[in-house]
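Colleague: Line order of the protein sequences matches chains A and B. Just so we're aligned, residue 6 is where the first sequence starts under the working numbering, counting upward by one. Just so we're aligned, residue 6 is where the second sequence starts under the working numbering, counting upward by one.
Be aware that a few hints might be false.
If chains are identical, the list can't say which one is meant, so a pair holds when it fits in one copy or spans any two.
[As the list claims (entries may be wrong)] Calculated cross-link-like contacts (lysine-lysine; reagent style DSS-like; alpha-carbon spacing at most 30 Å):
hint, residue 1, residue 2
1, K32, K127
2, K50, K176
3, K60, K158
4, K84, K144
5, K144, K176
6, K127, K84
These are computed hints drawn from the structure, not numbers from a lab. For clarity, every value in this text was computed on a predicted model and none was experimentally measured.
Protein chains: 2
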Amino acid sequence: MFPTKEHVHGIKRQEVLREAAASFNFKGYHATSLTEIATSLGVTKAALYHYFPNKNSLLAACFEHAMEVAFASLERGRKQGKDGRERLVLTLAGYLSQLIDELNCCVVLMEEHALEPGDRAKLVRQRDRFERALRALVKEGIEDGSVVPCDPKLAIFVILGALNWVPKWFKPSGPWRPEQLTLALSQIFERAVSSAPAAALPRDVGDLPTHRPQGPARQLLPARRGAISVASSRPAPKQKRRAGGKS
Amino acid sequence: MFPTKEHVHGIKRQEVLREAAASFNFKGYHATSLTEIATSLGVTKAALYHYFPNKNSLLAACFEHAMEVAFASLERGRKQGKDGRERLVLTLAGYLSQLIDELNCCVVLMEEHALEPGDRAKLVRQRDRFERALRALVKEGIEDGSVVPCDPKLAIFVILGALNWVPKWFKPSGPWRPEQLTLALSQIFERAVSSAPAAALPRDVGDLPTHRPQGPARQLLPARRGAISVASSRPAPKQKRRAGGKS
DNA sequence: TAGCAAACTGACCGTACGGTTAGTAAACCG
DNA sequence: CGGTTTACTAACCGTACGGTCAGTTTGCTA
Numbered sequence: 006m007f008p009t010k011e012h013v014h015g016i017k018r019q020e021v022l023r024e025a026a027a028s029f030n031f032k033g034y035h036a037t038s039l040t041e042i043a044t045s046l047g048v049t050k051a052a053l054y055h056y057f058p059n060k061n062s063l064l065a066a067c068f069e070h071a072m073e074v075a076f077a078s079l080e081r082g083r084k085q086g087k088d089g090r091e092r093l094v095l096t097l098a099g100y101l102s103q104l105i106d107e108l109n110c111c112v113v114l115m116e117e118h119a120l121e122p123g124d125r126a127k128l129v130r131q132r133d134r135f136e137r138a139l140r141a142l143v144k145e146g147i148e149d150g151s152v153v154p155c156d157p158k159l160a161i162f163v164i165l166g167a168l169n170w171v172p173k174w175f176k177p178s179g180p181w182r183p184e185q186l187t188l189a190l191s192q193i194f195e196r197a198v199s200s201a202p203a204a205a206l207p208r209d210v211g212d213l214p215t216h217r218p219q220g221p222a223r224q225l226l227p228a229r230r231g232a233i234s235v236a237s238s239r240p241a242p243k244q245k246r247r248a249g250g251k252s
Numbered sequence: 006m007f008p009t010k011e012h013v014h015g016i017k018r019q020e021v022l023r024e025a026a027a028s029f030n031f032k033g034y035h036a037t038s039l040t041e042i043a044t045s046l047g048v049t050k051a052a053l054y055h056y057f058p059n060k061n062s063l064l065a066a067c068f069e070h071a072m073e074v075a076f077a078s079l080e081r082g083r084k085q086g087k088d089g090r091e092r093l094v095l096t097l098a099g100y101l102s103q104l105i106d107e108l109n110c111c112v113v114l115m116e117e118h119a120l121e122p123g124d125r126a127k128l129v130r131q132r133d134r135f136e137r138a139l140r141a142l143v144k145e146g147i148e149d150g151s152v153v154p155c156d157p158k159l160a161i162f163v164i165l166g167a168l169n170w171v172p173k174w175f176k177p178s179g180p181w182r183p184e185q186l187t188l189a190l191s192q193i194f195e196r197a198v199s200s201a202p203a204a205a206l207p208r209d210v211g212d213l214p215t216h217r218p219q220g221p222a223r224q225l226l227p228a229r230r231g232a233i234s235v236a237s238s239r240p241a242p243k244q245k246r247r248a249g250g251k252s
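Whole structure, please, built from the sequences with the hints as guidance.
Modeller: So, in structure tokens, the structure goes:
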């Protein structure tokens, strides 16, 4: 049988995570209430506790996923790139594109302060490791001549800033496709650090080639009323406040 | 007489704003409680209400100040720059440097969602105007040949992302002086968009020239116990929770 | 020195939100 | 079929935080 029990559970869990990530990215962790997340999934707050033990673990899961993607991209970049600059740009492009379409536009890494000390320490360790690896790529690039001499620390701060800012303005429903964005950003980054910058950049991101056709692709598992579905938007049950006011 | 009553009030107000801005920038609006702000100023929460009507107005004031600085920098950049690229870079440098030392490292512009609808609409209007102006500078630069042909919208997103990210990692007490940071950032931005990029960038931001000597410069008005002083750090009165618990 | 306003405190209120729990309804299993 | 598990809801609790207010301290003015 196709959708086993655990499989369905996993998919719904993913869906919760995606919704949470999108909201955390856009409005911030503290500004996002569980009720909001639940409502936009068509369920009530309590339902979320079937998938995550508490709000904080949702955030932790976002970070965990982001860091997994980060290191996977790093490895791929290291393998496929032929010099420091290529390795750097490939890593960044992989990181960005994967997070965009897996977590509905997610680069997180803001909001780390909201994590609990243990989770936070772990994240900080991993993130530092990732940043150090990126800086190392810059250094490699300087040494092999592919990257202009510069302060690797600052260069990486600038690049990560631009990257982490993406969720604030990018909407998958907007005029630019994720692949176009990834490509265009890579080119700007490349130009900023390359020892021999290209003469030109795309004049309009929307003119860049796209791989996938327009329009939403994902659509599965129409669930019963009041359950988490993947067809994102539905009436949603009203969530009443406690009956008697106070007086 | 030197410090008139209103003058002192104004200075303290500034001090509150600076403290709030620093915390909003670093941890976010919702993660910052008024008690925290008050405590680190050495007063209690209620004291803040002598300077601002509510928490939201603190945020609004941050944005207002940031936008004033933005447009002032824009005007200066327009006057002093000789081509599109120079005007752009001067604007950005002015914006960054002024915000860093006036608001203790502040570029805000995240957290706009926390504003009340009226304030928010105003901010969005102003910010859009600022962004459009920056894009116009890029376009000018492309036309006069000082800027590489590119998508002005994306270029500005990238630059503002890097800029808005600064408060997340920059500490005035760290190894880099604000002027060094401003200069180094300007050079990277310039390189990313210039039609004829410089061959090199500074290898170490800390080696760049500084104008001011190291160490904190500001120190005024030691206030009486329990009042807002400018000498930032002091014991701070404990802020007890309500006496009887609940039972 | 009295009078007064501004600055601040400490105790308090209302409420939004994270989290819990008892109960229901569908789905699964023998 | 009956029994059990899973998914979910409605109603509720505790509390942290924004905001208020009566009262005290400080310092200016006359």
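Colleague: Against this structure, judge whether each hint is valid.
Modeller: Here's how the hints hold up against the structure:
{"no.": "1", "hint": "K32 <-> K127", "verdict": "both (24 Å within a copy, 18 Å between copies)"}
{"no.": "2", "hint": "K50 <-> K176", "verdict": "within (26 Å within a copy, 39 Å between copies)"}
{"no.": "3", "hint": "K60 <-> K158", "verdict": "neither (33 Å within a copy, 36 Å between copies)"}
{"no.": "4", "hint": "K84 <-> K144", "verdict": "within (17 Å within a copy, 38 Å between copies)"}
{"no.": "5", "hint": "K144 <-> K176", "verdict": "between (34 Å within a copy, 24 Å between copies)"}
{"no.": "6", "hint": "K127 <-> K84", "verdict": "within (26 Å within a copy, 49 Å between copies)"}
In summary, the one numbered hint that this structure violates is 3.
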